[in-house]
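There are 2 protein chains.
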Amino acid sequence: MRAVRLHEIDRERGPQNFRVEQVDDPQPQPGETLVKIARAAFNRRDVFISQGLYPGIQLPCIPGSDGVGTVAAHGEGARGPAVGTRVVIDPTLGWGPDQRIWLRSAQVLGMPHQGTFAEYIAVPAGNVHPAPASLTDDEAAAIPLAGVTAYRALVSRGGCTKDDVVLIPGVGSGVQTFVLLFAKKIGAKVIVTSSSDEKLERAKSMGADVAINYKTSEKWEKEVAAVDGGPSLVVDSAGGDTFFKAVNVTRYGGRVVVYGGTLGDAKLRPFSLFWKQLDILGTSMGSPRDFAEMLALFDPSTGSGHVIKPAVDKVYAMDEVVAAAESVDKGAQFGKVLLAVT
Amino acid sequence: MRAVRLHEIDRERGPQNFRVEQVDDPQPQPGETLVKIARAAFNRRDVFISQGLYPGIQLPCIPGSDGVGTVAAHGEGARGPAVGTRVVIDPTLGWGPDQRIWLRSAQVLGMPHQGTFAEYIAVPAGNVHPAPASLTDDEAAAIPLAGVTAYRALVSRGGCTKDDVVLIPGVGSGVQTFVLLFAKKIGAKVIVTSSSDEKLERAKSMGADVAINYKTSEKWEKEVAAVDGGPSLVVDSAGGDTFFKAVNVTRYGGRVVVYGGTLGDAKLRPFSLFWKQLDILGTSMGSPRDFAEMLALFDPSTGSGHVIKPAVDKVYAMDEVVAAAESVDKGAQFGKVLLAVT
Chain A
-16 MRAVRLHEID RERGPQNFRV EQVDDPQPQP GETLVKIARA AFNRRDVFIS QGLYPGIQLP
44 CIPGSDGVGT VAAHGEGARG PAVGTRVVID PTLGWGPDQR IWLRSAQVLG MPHQGTFAEY
104 IAVPAGNVHP APASLTDDEA AAIPLAGVTA YRALVSRGGC TKDDVVLIPG VGSGVQTFVL
164 LFAKKIGAKV IVTSSSDEKL ERAKSMGADV AINYKTSEKW EKEVAAVDGG PSLVVDSAGG
224 DTFFKAVNVT RYGGRVVVYG GTLGDAKLRP FSLFWKQLDI LGTSMGSPRD FAEMLALFDP
284 STGSGHVIKP AVDKVYAMDE VVAAAESVDK GAQFGKVLLA VT
Chain B
-16 MRAVRLHEID RERGPQNFRV EQVDDPQPQP GETLVKIARA AFNRRDVFIS QGLYPGIQLP
44 CIPGSDGVGT VAAHGEGARG PAVGTRVVID PTLGWGPDQR IWLRSAQVLG MPHQGTFAEY
104 IAVPAGNVHP APASLTDDEA AAIPLAGVTA YRALVSRGGC TKDDVVLIPG VGSGVQTFVL
164 LFAKKIGAKV IVTSSSDEKL ERAKSMGADV AINYKTSEKW EKEVAAVDGG PSLVVDSAGG
224 DTFFKAVNVT RYGGRVVVYG GTLGDAKLRP FSLFWKQLDI LGTSMGSPRD FAEMLALFDP
284 STGSGHVIKP AVDKVYAMDE VVAAAESVDK GAQFGKVLLA VT
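In order, the protein sequences belong to chains A and B. Take -16 as the starting number for the first sequence in the numbering used here and just add one per residue. Take -16 as the starting number for the second sequence in the numbering used here and just add one per residue.
I should point out that these hints are in silico values taken from the structure, not numbers from a laboratory. Note that the coordinates shown come from a computational prediction; the quantities given were computed from them, not determined experimentally. One or more of the hints may lead you astray.
Here are the simulated EDC-like cross-link-like pairs (lysine to aspartate or glutamate), alpha carbons at most 20 Å apart as the crow flies [as the list claims (entries may be wrong)]:
id, chain 1, residue 1, chain 2, residue 2
1, A, LYS313, A, GLU276
2, A, LYS292, A, GLU206
3, A, LYS250, B, GLU276
4, A, LYS259, B, GLU(-5)
5, B, LYS145, A, ASP81
6, A, LYS145, B, GLU(-5)
7, B, LYS297, B, ASP81
8, B, LYS313, B, ASP8
9, B, LYS292, B, GLU184
10, B, LYS145, B, GLU276
11, A, LYS250, B, ASP81
12, A, LYS167, A, GLU201
13, A, LYS313, A, ASP180
14, A, LYS172, A, GLU206
15, B, LYS250, A, ASP180
16, A, LYS145, A, ASP192
17, B, LYS259, A, GLU181
18, B, LYS167, B, ASP282
19, A, LYS259, B, ASP248
20, A, LYS202, A, ASP180
21, A, LYS313, A, ASP146
22, B, LYS259, A, GLU201
23, B, LYS292, B, GLU309
24, B, LYS19, B, GLU(-5)
25, A, LYS259, A, ASP282
26, B, LYS297, B, ASP282
27, B, LYS145, B, ASP121
28, A, LYS172, A, ASP211
29, B, LYS250, A, ASP224
If you want the footprint, here are the derived chain B segments under chain A, 3+ residues with CB under 8 Å [claimed, not checked]:
id, stretch
30, 244 to 255
31, 296 to 308
We put the CB at the ideal spot given by N, CA and C, even for glycine.
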């Protein structure tokens, strides 16, 4: 089969290390399902691996955590959707029995386990779910890792309800666009910020109630605090000064969920935390239960009735994998960057 | 009646501003119970008020949040323990219906509402609870504000169970000694730290399993991390560098509860928070439910069977109020500083 592989990794060349090659087809082991991939999607994780910025890298590897395709075969004893079913793959392997935290041995698909940037992939049958009927292959492929991360952050950890005012700083990344979609599906009010008016406009078209440009609006946190007394729930992946300001504007009894820290260390003022009795909640990836609950949100008949469609930035051919990875590295995209595998 | 009053406040003189005077007896209003105070206890809040380091100070005032005594009379329609019953007073007024957060209008007894440093006090009947039969007046008077703060931090917010390993940095303050007592009552394993070997010895005599001197043991966080893989629950009131190190040693899926920040702003590393999926939970004071559940822990028949006795540092006569306040200001005490009112 054709697959994207990394043989070398380094900070300098990064995305240019990806190459398309011919490799042996995987065989489904007992309990596994073989999926023929139609579309795969990029996550920053794939780019970090190409740059050597990820722990425990094993080479060569086939990256990719997100994929949609059809069931091609089942290994011995594997129970899952019938051959030919259109499916999405849960990218978390071996989460374990505790909803609160994964086992230390848990993995994300795509290094060391073979990833989705390949024509075929064999995964545990339990990781294979029928794709939401309301979505195209492109839309469904955009879901897995970003979707489950967003769902766990917003709902399982953040406890979002229709009564919340949700602040999403830095809308535009794959995860943050899913946070926006899910919050609107649940019926919450949503405030987004970005440095790009174009991204703010797209966020508004996806349902954002208030959109603030933090570059041109110097005191963005004052504008945020003025919306219904400020957010009751923040979902942040920036850290740094953004986190500090977000904590300041969060309402009494509010929650601040953190799944990343691109701006690095943050200052935390204990008084803001204890006086307002805030919850600051860390999260990463999601459990099998999170994944199943998240997929259910794409059923048009649930929640607020909003029909939600994942944001797709662009679909690249498999041979354009370097260009696709470079666009993710630049971070200028809105929504997910896809790879057309077959 | 005789009462301690503040007419002036300033950073310099602080505790020396307290004086004992003759004032009119309070009269119980409809719904209120009049309590004849036997013992009152100091909190840092009382000293902060004398130093002008508290928001919204109204003068003159009678400070004091903690008191034990006997029911002297009931106002019209007040339902509470019968006249003559030995009672402790819940110091939180007007918490409101939400367990998660108090109403913005909630107050703590002792400025602006008359406090417990007086022979009589009238409070809402619902704030008056029978004193635990297993405790002396001195022990019971030590409970209210520190006890409810500790209970909410450890149990209502921290969710402490017998399976937890609890880290209590800086044991010695009123609240931290209650956290220690309650954690042992629940059956958890407890690690305490202090800069004083004397305080560590007292903590061990109260049940602490591991005691570490953070002054003489340079890498105290390494010693903490070595205990059963590190704490699953931290209750911190320091902030600053202590908070940062405590977050570093907390186990995957653990909780860090914060009710103070004497060392000021802390650094928070987003990666530690999201990768370990920590909960960082702010808390202050406690709800009426917290107070009632906390008192029940003093029933010797509950929990691990540990008989718990609040730590009393010293009992001062009412006329020695300045010396008592100065000792709280120095922070050298272990457990509560009391005032013998009648």
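Please list, smallest to largest, the hint numbers that this structure does not respect.
1, 2, 3, 4, 6, 7, 8, 11, 12, 15, 17, 21, 22, 23, 24, 25, 26, 27 and 31
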